[in-house]
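Q: One letter stands for each residue in the lines below.
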Amino acid sequence: MSQSRPFRLPKGGRLIDRAYQLPFRFDGRHLRGLEGDTLASALLANGQLMMGRSFKYHRPRGPVASGAEEPNALFGLGQGGRFEPNQRATTTALVQGMILRSQNCWPSLDADVGEINNWLSPMLPAGFYYKTFIHPRPFWKHLFEPIIRRSAGLGRAPTDPDPDRYEQAYDFADVVVVGGGIAGLKAALAAAKGRRRVLVLEQSPNWGGRTPVDHKGGEAEIEALLAELRAKKTVTLRRNTMATGLYDHGYLLAREALADHDPNAGIPRQRLWRIRAGQVITATGALERPLAFSGNDVPGVMLASAVRDFIVDYGVALGQRVVVVTNNDDAYRTALVAADAGLEVAAVLDARVQAEGELVQAVRARNIPVLTNTAIAKVKGSRQVEGVSICDQSGDGHVTGGIDCDVVAMSGGWSPVVHLWSHCGGKLIWDEAQAMFRPDPDRPPLGADGKGNVTAVGAAAGDLRAAGDLERDEGQTQPVWVMPAQAPYKLRAKMWLDYQNDVKVTDVELAAREGYASVEHTKRYTTLGMATDQGKVSNINGLAILSKALDQPIPATGTTTFRPPYTPLTLGTIAADARGDAFQPLRKTPMHDWHARNGAHWEPVGLWRRAYAYPKGGEDVHAAVAREVLAVRNSVGLLDASTLGKILVKGPDAGRFLDMIYTGMMSSLPVGKCRYGLVCSENGFLSDDGVVARLSDDTWLCHTTTGGADRIHAHMEDWLQCEWWDWQVYTANATEQYAQVAVAGPKARELLQRLPGTIDVSPEALPFMAWAEGELAGIPARIYRISFSGELSFELAVPAGRGLELWEALHQAGRDLGVTAYGTEAMHILRAEKGYIMIGDESDGTVIPQDLGLGWAISKKKPDYIGKRAQARSHMIDGNRWRLVGLESLDGRMIPDGAYAVDAGENANGQKKMQGRVTSTYHSPTLNRPIAMGLVRHGPERMGQVIDFPTPSGETIRARIVDPVFYDKEGGRLNG
Amino acid sequence: MAEALATVARVDGLGMILIRADLARAGDAIAEAAGLAIPEPTRIVSDGSRSLGWMSPDELLLILPAGEVAAALADLQQALVGEHALVADVSDLRAVFDLTGAKPDQVLSKLCPVDFGAFPKDGLRRTRAAQTAVAFWRQGKGFRVIGMRSTADYLGLILQNAAIPGSDLDPR
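These protein sequences, in sequence, are chains A and B.
For the first sequence, our numbering assigns the number 1 to the initial residue and increments by one for each residue that follows.
For the second sequence, our numbering assigns the number 1 to the initial residue and increments by one for each residue that follows.
No wet-lab data here; the hints were simulated from the structure.
Possibly wrong hints are sitting among the right ones.
Computed list of lysine-lysine pairs in DSS-like fashion (alpha-carbon distance at most 27 Å, straight line) [said to hold, decoys possible]: (1) A:Lys216 x A:Lys233; (2) B:Lys121 x A:Lys233; (3) A:Lys186 x A:Lys233; (4) A:Lys232 x B:Lys121; (5) A:Lys673 x A:Lys186; (6) A:Lys380 x A:Lys494; (7) A:Lys233 x B:Lys103; (8) B:Lys103 x B:Lys141; (9) B:Lys103 x B:Lys121; (10) B:Lys103 x A:Lys232; (11) A:Lys233 x B:Lys141; (12) A:Lys673 x A:Lys861; (13) A:Lys233 x A:Lys193; (14) A:Lys186 x B:Lys121; (15) B:Lys141 x A:Lys232.
Using the sequences and the hints, build the whole thing.
A: Pasting the structure below:
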């Protein structure tokens, strides 16, 4: 037969508008489609049949389906940041100016070098990749792996940021109907009773499913149903919305396409709906199965339903002369539609011995030859169908004749779309009569009440004749898994199951021979169903072949697992608005903008951003940190400490409660005083620390670390609500109510005294570890005389809304004192110089307070506190724990943070034994030398000993064990 | 160009007082001191100037003009003398936004897992907006949204993003 091409029919096409032409580009060529076209229909209308290359053998491929199951016609779409790989031509609407790029071919779709794999196919059977692991060994690393890695992957990943906007939204409905075909619309109407809210989701832009194509009067019936539904206020109809996954408790995700067709509309491109559904009705229809005959992947071989979809919906014919091959009556519709469209139908080849249904009779009445017990032995042509050789279905492929044609419309029967049903635990049964897996109505997904919360209806439930009165009498489908039934190896090796991944009948048979009895293992070994179409057209045929090879019934083989999403979701839709500035909430203190204006180098602390240092002029960060440390030591510095947790604890039992929460005694703290406290977990490990102030007889204010605020508040509420529910204690997390400023340095008091106010900060009125409240610079304030730097220090707490005002007033008043804002790094160094521990540096969840020499903060008088029992366990008290010491580098080099000190000998694994590690290490600007703290076995008893810290570079840094307090051991500076 | 689904405006000048107490025992005293009835669970009562919201079985939030906070604190503390209760000024702890315009519920529907079809007229909902904690209630024909002070910029941004013109949730 001479070369022919697909073409646009002179009339017809219910979804296109011939008045509006849309120009687009395909691999550099300028083409035109029509309003309403998909990419597939537009390309076919332009005579373009080949739309891709297969993954492994790079065989030429045309579209085989017309919907979401299409495995072949995938394109890279768009340019730059909008480039998207693997876009399905059959479900992507054509947009004016669209730019399409073919995939998996080089240098071009027509002349693809990779096609050589096709001739090498005998050397690339199922599992060949895994076999390269085994033998010969060097080949894998040096030959196969680099080549496979380069050729793997379908389509290219985009490299630029996606310029489009995406969003999510929540919805709630009593009933969600998935699928806007006739079964779904009827189910929605039945469900819309009383005040029940019904949501109907349809993945395509068009309502009706197959009914308008397959049935006379179908379109009118759908319109009537829609009109009735639209009149109901309780019913919401959403098109372009694909239900991607169903999860526990009726949680349904769906993707609505909003601006796929118009990226420049300024609105979100897609929206992910997060729906809570009381009941879900799956009316997801069924997918037609291919038949496995030799050459069933040659462009021009298409599912029978798709052939008539293209004719009816888009007025596009795949070719001039059609052969239909089938095992059921439904495919006869394609013969009728093709004949009505003026195409020549050469024959219907029916694998069944008998074909007598109404549709068959209608075809015979048109004088179209119907050949029963007839199969395709082989498709002629490589880049395009040129004809078929035919044979007996029951035989071994002995050719009995040939038919010239350019279209083969095949139908191997239908498989219900059971994905949503299966996502959440619904079970399937094998329906022998219809040769399909369908939902088992007795074993649906269960809701919280233990009752089924999903119902399948229509074709999705196995009822292939869901259109009611519109249906005609049909004969029974005959299962045909291999065509012809006794096909020899040579034919079976060219029968494609998974088109995208090039899995053939012989591959599955090979897997069975090699011992792959489980369908899940066979899937991975052969890659059957692992491509972007997730086996929508291939799975049932594949597992039928596997069952035959294993000589067991199909239900004994079962299906692979159905996992969301139903069709691929772009990552942008999942991330939605969480990008750029909205990626994560950024917590800002009341002085945040001041820090930004003053050149803060930021440090993330949880979700907070804190100023690490404030480099000035040409200063680098290290120089800024050193300057800030020295300012605190020599004059006065200001730290924004607003992020510290502040938890109010009040009630008659508050003292008793805090005695349990903290290792120390808080109930005995006098009003007006502060005490340092440690919080441990039940297992005794140090969890948090901070200063507790007693505000009144029954009220305490507990400061936590920045990261501990929410955690310790939750810890307190956990114990109060679950264990000590009868204790009269209320807590409140007041962290963000206050701005807090540490004023530290020998001139701190002088600075505070310069501000007008009512609080006496003299040593007599406000001694170390006392607090007072009143007014400062016209702002209501509380002043705590506490120090985390070892210097004379005050922490000022004011309402957050006035924090910046106080901060600026302090800078103003202290200008001539050299007042200096200092950041978190200076704060860390100041505390390390004093040997103060830092939660998260000296503690890591395995450290108890006793390890850190903090026994003084543990009350010996109390009968109990959280962690007390655990701290008495043998391993906690055996004297062999690593304990806190200072470390002094012998040669002036800094010991790297986290470095381990080696011990003599080796452990059972032949590794060097360890005896300690570094927990904090800094260059001390005050002492102008490195300082470090660490945990060392028997450390405090080994003062003066030298231990070795090997570094990754191979060098070893030697350090002397010293007291962890490097500066002002007497503590005199606390008093200025 | 279509209009934004709602106008997002930061609100200043509000005071807030946290009240924790046994509402069954101390409810009458609190109601008298606050000048408002105790709300039913998950509801809020308002007299146009002050509002009293139910936050948890033993927690209320009084929202009032900032200038009235000091006096209200004193009144509440006085009313709860002898009662186990916690009353605290939390006026600076939160950020407040008002949503007004055509479809403020749709803006919140994009951020909060809340069924607005079942949200009562006098409801107060504590939930999250995307990744930050919020609460909201109806204010006129729109909504008043409160979030944490530290994440106010984030909350303002996601509210604005959810309100962009043309992005309504109506079926299309």
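Q: Give a verdict on every hint.
A: Each hint, compared with the structure:
no., hint, in the structure
1, A:Lys216 x A:Lys233, "violated (30 Å)"
2, B:Lys121 x A:Lys233, "holds (20 Å)"
3, A:Lys186 x A:Lys233, "holds (16 Å)"
4, A:Lys232 x B:Lys121, "holds (24 Å)"
5, A:Lys673 x A:Lys186, "violated (74 Å)"
6, A:Lys380 x A:Lys494, "holds (12 Å)"
7, A:Lys233 x B:Lys103, "holds (18 Å)"
8, B:Lys103 x B:Lys141, "holds (10 Å)"
9, B:Lys103 x B:Lys121, "holds (16 Å)"
10, B:Lys103 x A:Lys232, "holds (21 Å)"
11, A:Lys233 x B:Lys141, "holds (21 Å)"
12, A:Lys673 x A:Lys861, "holds (20 Å)"
13, A:Lys233 x A:Lys193, "holds (11 Å)"
14, A:Lys186 x B:Lys121, "violated (34 Å)"
15, B:Lys141 x A:Lys232, "holds (25 Å)"
Checked against the numbered hints above, the structure violates hints 1, 5 and 14; every other hint is satisfied.
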